[in-house]
Amino acid sequence: MTQYQFVKQPMDVTIGKLICLARTYTEHAREMQTVVTEDPLLFLKPASSVIFTGGTILIPSQSRCLHHEVELGVVIGKKGRHIPEAQAMDHVLGYLVALDITARDIQSTAKKNGWPWTIAKGFDTFAPISAVVRKEQVADPQDLDLELRINQMIKQKANTSQMIYSLERIISFISAIMTLERGDLILTGTPEGVGELKEGDLLEARLGSLCTLIVDVQKEPAP
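According to the numbering used here, the sequence shown is numbered sequentially starting from -11.
Careful: at least some of the hints might be erroneous.
Dumping the calculated DSSO-like pairs for lysine-lysine here, alpha-carbon to alpha-carbon at most 27 Å [stated by the list, open to error]:
(1) Lys207 with Lys143
(2) Lys186 with Lys145
(3) Lys145 with Lys66
(4) Lys66 with Lys5
(5) Lys66 with Lys143
(6) Lys145 with Lys67
(7) Lys186 with Lys100
(8) Lys67 with Lys207
(9) Lys186 with Lys123
(10) Lys66 with Lys99
(11) Lys99 with Lys186
(12) Lys5 with Lys99
(13) Lys145 with Lys123
(14) Lys123 with Lys67
(15) Lys186 with Lys207
These aren't lab readings, by the way, just hints derived from the structure by calculation. These numbers come from a predicted model, not from an experiment.
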């Protein structure tokens, strides 16, 4: 059973489904040559894609182009369906910094053919996450600096205040489609600055001064 690791102590919270958002920062939508939509765009990643700090992102043999996307993660602590925006934050357990790794070449082919993105997003190791910070320790989750350094060079830097949708809107919207359960993780989308990963890269992602995620990149060994 894979469990979240918290700042001070492990908690008995099994990782559930990973609900991810696309195009939640205007500048990222521009750099991807796409448009912002009125409602959030959702896709899913499997729990098997999760790794923790100190882990390794594996480049699968099926892809020749992995991209990094640093994101604020929201961990659900209380089950809910059709959650009103006014009650949305009552369902939050805590926050973390995450990376949504994308096999961009596979995704590009999928987009061109109108296929789902599951393969491009769902490989093992494609969802590195940090320790979780309880919500009580976070004054305002929509005023946090997001930063990703690769080999000590800043590649992505933004503030969660730049998100198009509020966390209340995101949680309420998702819960009108699927029941949110304790342990589910919402990845809230990435700001501009996404780019390619190479074998040997060392990534360090930060969510303000709250938590840090450090992972490296290697080719997946032949089976």
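Flag every earlier hint the structure violates by its number, smallest first. 3, 5, 6, 8, 9 and 10
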